[in-house]
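Undergrad: One-letter residues, chain by chain:
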Amino acid sequence: MHKARTNPINLFAMHGALILYTIIALFPVFVILINSFKTRKAIFREPLALPDADTFSLIGYQTVMKQGDFFLYFQNSLIVTVASLFFVLLFGAMAAFALAEYRFKGNLWMGLYLALGIMIPIRIGTVAILEMMVATGLVNTLWALILVYTAQGLPLAVFILSEFMRQVSDDLKNAGRIDGLSEYTIFFRLVLPLVRPAMATVAVFNMIPIWNDLWFPLILAPAEETKTLTLGSQVFIGQFVTDWNAVLSALSMAILPVLILYVIFSRQLIRGITSGAVK
Amino acid sequence: MPRIRWHIVVFLAPAVLVYTAVMIFPLFNTLRLALYSEVDQARVFVGLQNFRTLFGDPIWSEAFWNALGNNFWFFLIHMLVQNPIGIALAAILSHPRLRFAALYRSAIFIPTILSFVIVGFAWKLILSPIWGIAPSMLDAVGLKSLFAPWLGKEEYALTTLALISVWQFVGIPMMLIYAALLSIPEEILEAGEIDGITGMAAFWKIKLPLILPSIGIISILTFVGNFNAFDLIYAAQGALAGPDFSTDILGTFMYRTFFGFQLQLGDPHMGSAIAGAMFAIILVGVCIYLFGIQTRLRRYQL
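Line by line, the protein sequences give chains A and B. Just so you know, the first sequence maps onto residues 1 to 279 in full-length UniProt numbering. Just so you know, the second sequence maps onto residues 1 to 302 in full-length UniProt numbering.
Hints are not guaranteed to be accurate.
Unchecked claim - According to the in silico footprint, chain A covers these stretches of chain B (three or more CB under 8 angstroms from chain A): (1) 14-26; (2) 45-55; (3) 59-65; (4) 69-77; (5) 148-155; (6) 203-209; (7) 245-253.
As the list claims (entries may be wrong) - Cut-off 30 angstroms, straight-line C-alpha distance, at most; resulting in silico cross-link-like pairs (DSS-like, lysine-lysine): (8) A:66 with B:124; (9) B:205 with A:41; (10) A:41 with B:207; (11) A:41 with A:66.
I should point out that these hints are in silico values taken from the structure, not numbers from a laboratory. All residues carry an ideal CB built from backbone N, CA and C; glycine is no exception.
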């Protein structure tokens with residue numbers, strides 16, 4: 001395609017535009033990261049300079065370590081995200097299999113019912129969700145968050161996974177049935193391994209919004225021992241507004257885990273988005 | 001009497017139960033709570049009284065229309081800035097002779113993975129007159145006179161926050177449009193080339209009509225996302241959405257009403273009423289998209 005000559009000036013302009021936008025996208029992150037390693041004086045004197053032997057300082061990180069329980073927050077975020085993803089994938093795949101595999105009365109309606117939640121944000125029901133969590137004693141537990149994120153992730157998961165399950169060959173499943181496998185075994189042993197790529201797509205789609213959410217941790221689990229990393233850094237920064245070293249270090253510590261996860265999963269994420277999963 | 005195939009029930013039950021109990025039921029319960037009020041510490045049915053207060057009482061209605069208007073402005077900036085930039089980036093990235101496309105793509109997507117808290121504070125620091133990164137950078141290109149404490153000025157704060165949000169989320173339209181552009185078969189472009197349609201003309205005349213459905217999806221995703229936005233404003237400006245409520249949108253308004261702030265006590269019933277209004281707005285938007293736009297967009301069989 002396009003054997004037709006591409007004007008080198010055009011190519012140059014395209015790289016120029018992309019480099020400019022990449023700089024715009026990365027500049028704030030870069031500024032925060034480099035300044036978190038500098039002394040207070042250097043932060044203000046030369047904000048754009050890299051830290052050197054004179055200006056290098058870990059004072060901000062020391063404050064963060066002493067004052068905030070970032071390890072606990074990180075652990076909470078990790079538990080909530082992993083558990084929610086596990087339930088979204090397990091329950092989502094099971095429901096998707098039922099909808100894709102069996103003809104039964106109400107199949108279409110069930111599919112539509114589960115798809116409703118794709119467009120309607122769960123936040124609208126916050127008042128009643130909080131009331132329910134208070135009534136069941138789940139408020140200020142990680143379970144409250146896990147339940148909410150599971151419910152939030154299910155509609156899209158069922159939708160995407162059932163599309164993929166329809167493509168699994170019937171011959172394979174019927175062969176399994178002739179061999180006397182139960183429907184459960186067919187699902188867990190034969191079908192699930194085949195839709196693993198789709199499961200990965202669903203997982204990366206859900207991971208970022210869950211990890212970054214501020215609304216539900218703020219409302220359902222604001223207690224010190226259940227704070228997620230997002231809420232914890234928000235509260236910490238609010239208290240230390242004037243301590244620039246601490247604020248910059250706290251921001252960097254919130255950025256780094258996500259950045260590392262992104263480097264690991266970016267291939268999967270980008271392939272997931274571009275595979276046309278959201279069509 | 002047909003026998004019940006229990007495995008279907010077992011497969012469906014967990015998802016349906018969690019989804020119904022934690023999402024659908026609270027949604028309707030919230031709409032129901034909007035019809036109640038608290039009188040002498042007891043919950044009393046008051047019909048549409050809360051909505052009458054919300055739209056009729058000058059104090060409430062002013063706050064509501066302010067938040068709604070701000071929300072529309074917030075959405076408009078996303079449509080006018082975020083989506084065109086996203087489409088332009090995707091168009092450049094999908095050029096077949098471009099090298100390092102994967103690298104650019106991954107880098108430009110980085111802001112999207114960061115939390116609102118990080119984004120809000122990072123920009124607050126960068127735009128802060130105390131730190132002076134923004135003024136000194138403008139100074140370097142001779143535009144220092146343009147600098148103002150944007151987040152602190154009523155007339156600029158909302159636009160500034162909308163642009164920050166655009167900066168954060170440009171990766172999403174970029175990725176979706178990029179995927180749509182890649183799925184256009186080469187034969188179509190080659191056929192156009194034979195007819196002499198190349199370069200920019202090929203984009204406007206061939207590719208753009210083919211990706212219109214994706215642009216429609218991005219618009220509705222932007223709409224729903226913007227009308228339940230909250231986090232960025234809360235992280236950058238606090239629950240009061242200052243200065244003087246100039247950055248208040250429906251999400252922050254609902255949060256303040258529900259939880260209370262400063263001297264005002266939280267009121268779950270008025271909060272539910274605002275949630276009901278948000279629900280109606282999102283529903284209208286989704287319906288306009290589903291019945292007005294999506295059915296009229298021509299889908300080309302590729």
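Undergrad: Confirm or reject each hint.
TA: Hints, verified against the model:
Given as covered by chain A, the region 14-26 of chain B passes the check, having 11 residues with a CB less than 8 angstroms from a CB of that chain where 3 are the minimum. With 0 residues carrying a beta carbon less than 8 angstroms from a beta carbon of chain A, the region 45-55 of chain B misses the three-residue requirement, and the given coverage is violated. Residue count for the region 59-65 of chain B with a Cβ under 8 angstroms from a Cβ of chain A: 0. That is fewer than the three needed, and the coverage hint is violated. Counting residues of the region 69-77 of chain B whose CB falls under 8 angstroms from any CB of chain A gives 0; the rule of at least 3 is not met.
Closer than 8 angstroms: that is the beta-carbon criterion, and the region 148-155 of chain B has 0 residues meeting it against chain A, so the requirement of 3 is violated. With 0 residues having a Cβ less than 8 angstroms from any Cβ of chain A, the region 203-209 of chain B misses the three-residue criterion, and the hint is violated. As drawn, the region 245-253 of chain B meets chain A at 1 residues by the rule of a beta-carbon pair under 8 angstroms; below three, the given contact is violated. Between residue 66 of chain A and residue 124 of chain B, the direct Cα distance comes to roughly 25 angstroms. Compliance with the 30 angstroms bound is thereby established for this hinted pair.
About 56 angstroms separates the Cα atoms of residue 205 of chain B and residue 41 of chain A, which puts this hinted pair outside 30 angstroms; it is violated. Restraint check for residue 41 of chain A and residue 207 of chain B: not satisfied, since their Cα atoms lie roughly 53 angstroms apart, outside the 30 angstroms limit. For a cut-off of 30 angstroms, the pair hint linking residue 41 of chain A to residue 66 of chain A stands: about 22 angstroms separates their Cα positions.
Checked against the numbered hints above, the structure breaks hints 2, 3, 4, 5, 6, 7, 9 and 10 and satisfies the rest.
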